[in-house]
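Peer 1: The residues making up each chain are set out below.
4 protein chains.
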Amino acid sequence: MAEQQLLPSSEADALVTSSDPKHPANLICTLCRGFYALGWVTGTGGGASIRHDKLIYLAPSGVQKEQLQPHDMFVMDYASRQYLRKPTALKPSQCTPLFLAAFDKGAGCCIHTHSQWAVLVTLLVERDARAVNQSLTERCFEIEEIEQIKAVPKGRGKPGKLGYFDRLRIPIIENTAHEEDLTQSLEEAMEKYPDTHAVLVRRHGIYVWGDDPRSATTLCESLDYLFQLAVRMRELGLPWTPDDTNRQK
Amino acid sequence: MAEQQLLPSSEADALVTSSDPKHPANLICTLCRGFYALGWVTGTGGGASIRHDKLIYLAPSGVQKEQLQPHDMFVMDYASRQYLRKPTALKPSQCTPLFLAAFDKGAGCCIHTHSQWAVLVTLLVERDARAVNQSLTERCFEIEEIEQIKAVPKGRGKPGKLGYFDRLRIPIIENTAHEEDLTQSLEEAMEKYPDTHAVLVRRHGIYVWGDDPRSATTLCESLDYLFQLAVRMRELGLPWTPDDTNRQK
Amino acid sequence: MAEQQLLPSSEADALVTSSDPKHPANLICTLCRGFYALGWVTGTGGGASIRHDKLIYLAPSGVQKEQLQPHDMFVMDYASRQYLRKPTALKPSQCTPLFLAAFDKGAGCCIHTHSQWAVLVTLLVERDARAVNQSLTERCFEIEEIEQIKAVPKGRGKPGKLGYFDRLRIPIIENTAHEEDLTQSLEEAMEKYPDTHAVLVRRHGIYVWGDDPRSATTLCESLDYLFQLAVRMRELGLPWTPDDTNRQK
Amino acid sequence: MAEQQLLPSSEADALVTSSDPKHPANLICTLCRGFYALGWVTGTGGGASIRHDKLIYLAPSGVQKEQLQPHDMFVMDYASRQYLRKPTALKPSQCTPLFLAAFDKGAGCCIHTHSQWAVLVTLLVERDARAVNQSLTERCFEIEEIEQIKAVPKGRGKPGKLGYFDRLRIPIIENTAHEEDLTQSLEEAMEKYPDTHAVLVRRHGIYVWGDDPRSATTLCESLDYLFQLAVRMRELGLPWTPDDTNRQK
Chain A
1 MAEQQLLPSS
11 EADALVTSSD
21 PKHPANLICT
31 LCRGFYALGW
41 VTGTGGGASI
51 RHDKLIYLAP
61 SGVQKEQLQP
71 HDMFVMDYAS
81 RQYLRKPTAL
91 KPSQCTPLFL
101 AAFDKGAGCC
111 IHTHSQWAVL
121 VTLLVERDAR
131 AVNQSLTERC
141 FEIEEIEQIK
151 AVPKGRGKPG
161 KLGYFDRLRI
171 PIIENTAHEE
181 DLTQSLEEAM
191 EKYPDTHAVL
201 VRRHGIYVWG
211 DDPRSATTLC
221 ESLDYLFQLA
231 VRMRELGLPW
241 TPDDTNRQK
Chain B
1 MAEQQLLPSS
11 EADALVTSSD
21 PKHPANLICT
31 LCRGFYALGW
41 VTGTGGGASI
51 RHDKLIYLAP
61 SGVQKEQLQP
71 HDMFVMDYAS
81 RQYLRKPTAL
91 KPSQCTPLFL
101 AAFDKGAGCC
111 IHTHSQWAVL
121 VTLLVERDAR
131 AVNQSLTERC
141 FEIEEIEQIK
151 AVPKGRGKPG
161 KLGYFDRLRI
171 PIIENTAHEE
181 DLTQSLEEAM
191 EKYPDTHAVL
201 VRRHGIYVWG
211 DDPRSATTLC
221 ESLDYLFQLA
231 VRMRELGLPW
241 TPDDTNRQK
Chain C
1 MAEQQLLPSS
11 EADALVTSSD
21 PKHPANLICT
31 LCRGFYALGW
41 VTGTGGGASI
51 RHDKLIYLAP
61 SGVQKEQLQP
71 HDMFVMDYAS
81 RQYLRKPTAL
91 KPSQCTPLFL
101 AAFDKGAGCC
111 IHTHSQWAVL
121 VTLLVERDAR
131 AVNQSLTERC
141 FEIEEIEQIK
151 AVPKGRGKPG
161 KLGYFDRLRI
171 PIIENTAHEE
181 DLTQSLEEAM
191 EKYPDTHAVL
201 VRRHGIYVWG
211 DDPRSATTLC
221 ESLDYLFQLA
231 VRMRELGLPW
241 TPDDTNRQK
Chain D
1 MAEQQLLPSS
11 EADALVTSSD
21 PKHPANLICT
31 LCRGFYALGW
41 VTGTGGGASI
51 RHDKLIYLAP
61 SGVQKEQLQP
71 HDMFVMDYAS
81 RQYLRKPTAL
91 KPSQCTPLFL
101 AAFDKGAGCC
111 IHTHSQWAVL
121 VTLLVERDAR
131 AVNQSLTERC
141 FEIEEIEQIK
151 AVPKGRGKPG
161 KLGYFDRLRI
171 PIIENTAHEE
181 DLTQSLEEAM
191 EKYPDTHAVL
201 VRRHGIYVWG
211 DDPRSATTLC
221 ESLDYLFQLA
231 VRMRELGLPW
241 TPDDTNRQK
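Protein chains in written order, with the UniProt record's numbering: chain A, 1 to 249; chain B, 1 to 249; chain C, 1 to 249; chain D, 1 to 249.
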């Protein structure tokens, strides 16, 4: 039983107590305040997790992310997947298995947002797919020749970033009734698109990961910039790629 | 006469004096500064009220909500509906009877916003209703299969939140010349939709309530997110529900 | 000559030195920081002026309004229209004669913004007017049945605010090459629409005034809310008034 | 070799250490925090540089611009183009040759943004050009009769600002795979449009310069205001100039 693994209260609290602003328990709070300002975690949505040494730090579920405090953090032993610290009266994030899937691919930080720009591009790709009788899972969000693409890493084990003439592809998975049930399709998308550091979830949002909090955050910002631009492009009838025939509303 | 019920000045002031940031008189100020940043209380519009023990704390009418101070608060005895504290030179909120209607249903906090997204969805539903010769009161704002719906409570006395596949319905009432005249139709909407924690007012805004300030605020944010998304979906020609035939502008 | 009227430096500086945040020299700085956040004074545009007793306080021209300091203020004697204080190296606002026109109508504070929403409604009304071969000056911005209209005062010497069923009319004047040349047409619009507390300037922005800084600011916010809503309504093909036939883009 | 020119560490650090908020090393940090809030440097994009006496201060590449610290700055000797200070573990900005091109024209500050409004106007002008079989480099972004144009300087060596009836023209250059490869076409645009203080880069963003940080910043704000307005005008079917026939989406 997970409960058996909990550390004594004082040891558990020590895991989230630090005067270093870069300590994971502090950093998740700072990041989430920024995410709130960006519209990514409105109404308790979204979340973030950091892997630090052998520990996973996780924001709780169903709380106002912009008001998180270090003592709200869950801490899990990565190897055993057992909680070392579970704040009473809070629930662990339903995103936990999805964050773990990213950590298993080597990530050090994983972010989940409900950004409306992410949701809208999934809706637009869904409509484009239907128009040609494709299923959504056969399609990605695709865009090219936008400078911000150069902020996206090439892929796991490949040094450097995408080039301006590279096409960015972000896979989209179907949403499910329960967040944890996304895990299998997320892992499948990771297998099918081994270079991706992000997976869109239809009518839901996005999961983005990176080697560390800085790279995950800047990638998440860059993708959100591209989704927002893409929505505005569609409103203006501008194509996302040279072969995009869905430029009309 | 209400005036007779006013407490002596020092006792009345004690009701709004506290160093605890969660004290209702302090919390309403903090909440309203956040609401201003979200565009909910522009130009003295909107308001908020908290029920705490046997007392109702109310922001005054016609003042800049982002500059509220604890000593600006009205305090009412909930049982007798008599003011215990009335700041001189300020007017009580015209929303008071509407807030009381929510408290009578068990709410602990009620928020009123003039959010443009709320106003725009009432205008869009109104047009959709007219197109099929329905009256507005026969229609709700309806949306489904958006993850953020899962932040909306199932309803009074029902534990838990709506599911992803549940349809969210928010009733809409007609606006009136005087805000207090909305009370009857608000109460009727509450009867007709006993599970709702929110009622839209046509060309005006929304009333949202919850068990406590946290739940009212996060619900209000989640609904505003959904209204904003819905407006953007309509701009892109995307339907709100599978049976929505009004996807065209 | 105006220069002769300048007070000795120490007396002039005393006019803008106060620890009271409500002192006009301090308040203009605070207001302008807020206006910048609202997008009203981008790129040194816009401005604000307060009449206090027999003095007029004016923000200078061509400076970043969000970085104003009390010692940047010009001070004018209202009766003689002579500057008492002119900061060296700064230029007086070209809006000065327009602000004075509002003060002559009894205003205590006047705000000028370059809000994009104000500019866009002038462009939309211009197009609507052309479509029926009217000149722009025959038209106003007109909207009705939006709750926020109730934040607009009825007019000079008339107590109270507009009602929900009243039609709000804001006159629009032609822009000129030089801002001071707007004065005559502004005064004509004030004569033609004696109840208005605001005049839109085509392809330029808006002048808004009120009895005091609070009423001018909240009116300016309420009008900006209505202009923004009106632009969004037009994007969605929604009419501004029941007789608006220009609802299509 | 550039490395030979590096100052000893203590002397190099002294170049970026000052308690004066207007010192270039401090000012770049302050400016970049503001640029982040404006959406100009999302996801490590964009940058800024200040020329001060004989030195060039440069923000590094690939870092979060809103978190810059003075000790992150690169310092170059303008005459010799040799770095005097290169923070270990940071990369110099790829914009450096472009910033230098502006400094060679007499600028004291140069700003590079990835503003979506800038990107969108390049896309709209590109489409307009194609519709009449023109190449993009034959076209500029052009707008007239908008008050904010009066915040744009007339041109190098010409005192004063554009008038309301002047047409603003901002040249657009093709984007390249590598940012430094933009230098030649930027310089060509500077030759072809000697009065311009800004050059748009297709699908990328904009370079803006001015005599000093204040004038570069306010120009960059004014242009961004005009680009944003232009996108909204196009969404509403409003022409940018009287002879603009591309007003339809």
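FYI, nobody ran anything at the bench for these hints, they're computed from the structure.
Don't take each hint at face value.
The list treats identical chains as interchangeable, and a pair is accepted whether it falls inside one copy or across any two copies.
Unchecked claim - Simulated pairs of lysine to aspartate or glutamate, EDC-like, Cα-Cα distance not exceeding 20 Å:
#, residue 1, residue 2
1, K91, D53
2, K22, E126
3, K154, D166
4, K91, E147
5, K91, D211
6, K22, E66
7, K158, D128
8, K105, E191
9, K161, D181
10, K158, E138
11, K22, D72
12, K54, E191
13, K91, D166
14, K22, D104
Peer 1: Taking the hints in turn, state whether each one holds.
Peer 2: For each hint, the structure was consulted:
no.	hint	verdict
1	K91 x D53	neither (24 Å within a copy, 27 Å between copies)
2	K22 x E126	neither (39 Å within a copy, 44 Å between copies)
3	K154 x D166	within (10 Å within a copy, 39 Å between copies)
4	K91 x E147	between (40 Å within a copy, 18 Å between copies)
5	K91 x D211	between (26 Å within a copy, 19 Å between copies)
6	K22 x E66	both (17 Å within a copy, 16 Å between copies)
7	K158 x D128	neither (31 Å within a copy, 39 Å between copies)
8	K105 x E191	within (10 Å within a copy, 51 Å between copies)
9	K161 x D181	between (31 Å within a copy, 17 Å between copies)
10	K158 x E138	neither (25 Å within a copy, 39 Å between copies)
11	K22 x D72	both (16 Å within a copy, 18 Å between copies)
12	K54 x E191	neither (24 Å within a copy, 54 Å between copies)
13	K91 x D166	neither (41 Å within a copy, 23 Å between copies)
14	K22 x D104	neither (23 Å within a copy, 41 Å between copies)
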